[in-house]
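Peer 1: Dock chain Z against the given chain V, drawing on the hints supplied.
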Amino acid sequence: MAEWVSLSEAIATHLHDGDFVALEGFTHLIPFAAGHEIVRQGRRRLRLVRMTPDLIYDQLIGAGCADKLTFSWGGNPGVGSLHRFRDAVENGWPGPLQIEERSHSDLANAYVAGAANLPFAVLRAYAGTSFEEAFPHIRRVTCPFTGERLAATPSIRPDVTIIHAQKADRKGNVLLWGILGVQKEAVLAAKRAVVTVEERVEALDAPPNACVLPHWVVSAVCLVPRGATPSYAHGYYERDNAFYQLWDAISRERDSFAAWLKRHVLDTANFGEYLRVQAEHRALESAQ
Amino acid sequence: MTMAGFTSDEMMTVAAARRLGNGAVCFVGIGLPSTAANLARLLHAPDVVLIYESGPIGAKPAVLPLSIGDGILAETADTVVSTPEIFRYWLQGERIDVGFLGAAQIDRFANINTTVIGDYQRPTVRLPGAGGAPEISTSAMEVLVIAKQSKRSFVERLDFITSAGFLGGGNARERAGIRGRGPVAVITDLCVLRPEEGSRELVVASIHPGVTREKIHANTGWDVRFDRDCGETDAPTEVELVVLRDLLARTAAAHGKVGNAA
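In order, the protein sequences belong to chains V and Z.
So the first sequence is residues 1 to 288, counted in this note's numbering.
So the second sequence is residues 289 to 550, counted in this note's numbering.
Next comes chain V alone, as it looks inside the complex (with noise of 0.2 Å):
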C-alpha cells in the first residue's frame, strides 16, 4: 500500500545497504533525486542493475555506494564515456566493482521473467557472440517442442525498484506517459517499490489502457517536482542536455567529482536544495 512520505524517509525505511536495487528510466524520468538520496544517506554494498547505468549510476558508483552493476549499456549518452564507472571497472576506484553484463533485450526479458514470478528469461540472443563463454549467467536451453536452442538468463527480482513518474493521486496510484522503457516491469518485479512523482493530483483522470501502477504495488510515494532533472519528464520539462555535457569534465577527475558530489549532494539537504545550489552555479558560470 502507498504512502506519501519525504524521499528522505522513503530510502531509509525501503532501501538497505547491500540490497539489489533498480533505477530504472530510459533516458526519460530517471529518477535522479532519489539517487542522490541514497548519496546523501551514504548506503554501501548496493547491488546495482539498470539497462543504461548513465551519470545516476556514475554519481553512485563514484560516491561508493555500490559493490556490483548489473547492466546492458553504460555510457554518457551523446556525450561519451561514464568517467567513473570506468575508473571503477579499469583501477578499482574507489573499490572494486563487480559487473554482471548483459544486452538491453536480455535484461528487459529478464525484467519480464521477473514481474511475471519465473525464475528466467527465454530469448533468442548472443548466437556466436562471447557472451556465452565470458560469463556463466548466460545459459542454453532447449525447447520441449521444436528442439530449438535458444539463451536462457536468470530474472531480475530487485529487493527495491525506484522509478519517477508524472503524476500520483492521493491513494498514491501512479501515471506515467511517454518513453516508459522497463520501469512498469521493474516496479512488479521488485519486492519493494518506491515513486518520486512531479505532481499529486486529486484524480488521475487516465484513459483506459494508460501505464498506471495501482497504489498497492508501490511502497512509497514521493513529491519530487523535477526530480529526473538532469533527463526530462515528458509533459514537465526538457533533458537539460547542458549539464550531461558538463558531466564530462566534472566526472574525469577523482578531485572534481568529489568536489562536485560534496558541494552539490552531500552538503545539500535534499533535491530542492540541490536545484538552487545548481542553478547558482550556473547562472554564475555563465556570467563569466
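None of these hints come from the bench; they were simulated from the model.
Do not take every clue at face value.
Where chain Z lies over chain V, by a calculated footprint (3+ residues, C-beta under 8 Å) [unchecked claim]:
| hint | region |
| --- | --- |
| 1 | 10-22 |
| 2 | 66-75 |
| 3 | 102-109 |
| 4 | 120-131 |
| 5 | 235-242 |
| 6 | 245-252 |
One-sided excerpt, in silico: chain V residues whose CB lies under 8 Å from chain Z [to be verified]:
| hint | residue |
| --- | --- |
| 7 | G78 |
| 8 | R86 |
| 9 | V89 |
| 10 | E90 |
| 11 | V112 |
| 12 | G147 |
| 13 | R149 |
| 14 | R170 |
| 15 | E185 |
| 16 | Y232 |
The calculated label-pair distances, taken between Cβ atoms and stated as ranges, are [as the list claims (entries may be wrong)]:
| hint | chain 1 | residue 1 | chain 2 | residue 2 | range |
| --- | --- | --- | --- | --- | --- |
| 17 | Z | D511 | V | F145 | 44 to 54 Å |
| 18 | V | E280 | Z | G381 | 43 to 53 Å |
| 19 | V | D240 | Z | R463 | 27 to 37 Å |
| 20 | V | F135 | Z | G458 | 24 to 34 Å |
| 21 | V | N209 | Z | T500 | 35 to 45 Å |
Yeah, the Cβ is synthetic: ideal placement off N, Cα and C, and Gly gets one too.
Peer 2: Just chain Z, lined up with the frame of chain V:
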C-alpha cells in the same frame, strides 16, 4: 577534411543513407546510424519506418535526437511501446527489415566489439557494452554498419565479439543458427565494404572520391582486398549535401551543439 566541397564524414553519411530503401522498417542505433537513417527519410525514403530501442515506432524527428530516448522521438512516432515490447514483439518477432548499427571495432568478417579492448577482467578500455546490438544483428533481416575507418577500429582480431557478423566466415553464421542475413554493407568515411560471396570477408566495393587504395590499406588492420568491380562512390549531390547540412544545423540550433556525434 574538405575535398571538392564535401567532408569525408558527409560522404560517409550520404553513402549510408542511400542504402536505406523507402518503406523499409529500420531499427536505428543512436549517433551515426540515426543521422544516416533520418537523412534517408528526408531524401528518397519518406516512408521509412524508424524504430528506436527506447520504444518509439515510426519516429519522424525534425532534429536529430542526442539520446536514444529523446522526447522528440516519442512525440513524432506513430506509437510508443515499452522497451520489452520493442525487443520481444518487434525485433525478435522479426518485423525489422534493416538493423542500422555503429561499431567501436569491427573485424574482416564484420563481427563487432563494443564491450572491451584488452582482457575482459583487466580491460585497457572499457567500452559502453552491448546495448541492443547483439540481437539487432541476428534478428533483423539484414544489417547496415556505419563506422569511421582506422587501424584502431578496423582490426585483425576482436578482444570480444559483442555482435555477430559472419563469425569465422563462410557459412559459420548459418551454422550458429542465426536467422537474419547479417551485414550487407559497411559504410565508412573512406569506402563502402561488402561481404564477398562465399568467404563472407569484407572487401572494398567502392572508394569514396579523393581516397586512395593506399589510404584504405593504411587505415585497415588486416590486408584488405578490393572487389574486382570496385569503382568510385558517387559524390554527394547538391541536394544530399543541402539536406544533410540543414538537418545538422537545425540539430545544433536545437541542442546547442553539433549533432553528428556518435
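Peer 1: Confirm or reject each hint.
Peer 2: Here is what the structure says about each hint:
1. 10-22: Coverage by chain Z is violated for the region 10-22 of chain V (0 residues, Cβ < 8 Å).
2. 66-75: This one holds; 5 residues, not fewer than the three required, reach chain Z with a Cβ under 8 Å.
3. 102-109: Coverage by chain Z holds here, the residue count being 6 at a Cβ distance below 8 Å.
4. 120-131: holds (count 9)
5. 235-242: Three-residue rule met by the region 235-242 of chain V, so holds; n is 4.
6. 245-252: It is violated: at least three residues are needed, and the region 245-252 of chain V offers just 1 whose Cβ sits closer than 8 Å to chain Z.
7. G78: holds (4 Å)
8. R86: holds (5 Å)
9. V89: At about 5 Å, which falls below the 8 Å cut-off, the nearest Cβ of chain Z leaves the hint on V/V89 intact, so it holds.
10. E90: holds (6 Å)
11. V112: holds (5 Å)
12. G147: Since the shortest Cβ distance to chain Z is 11 Å, the answer is violated.
13. R149: holds (7 Å)
14. R170: Violated: closest Cβ of chain Z sits about 27 Å from V/R170, beyond 8 Å.
15. E185: Status holds, d = 6 Å.
16. Y232: holds (6 Å)
17. Z/D511 / V/F145: 44 to 54 Å: Check passed, 47 Å falls within 44 to 54 Å.
18. V/E280 / Z/G381: 43 to 53 Å: Roughly 50 Å apart at Cβ, these two residues keep to the hinted range, so it holds.
19. V/D240 / Z/R463: 27 to 37 Å: Since the Cβ atoms of V/D240 and Z/R463 sit about 48 Å apart, the hinted range of 27 to 37 Å is violated.
20. V/F135 / Z/G458: 24 to 34 Å: At 27 Å between Cβs, range holds.
21. V/N209 / Z/T500: 35 to 45 Å: Hint violated: Cβ distance 58 Å, outside 35 to 45 Å.
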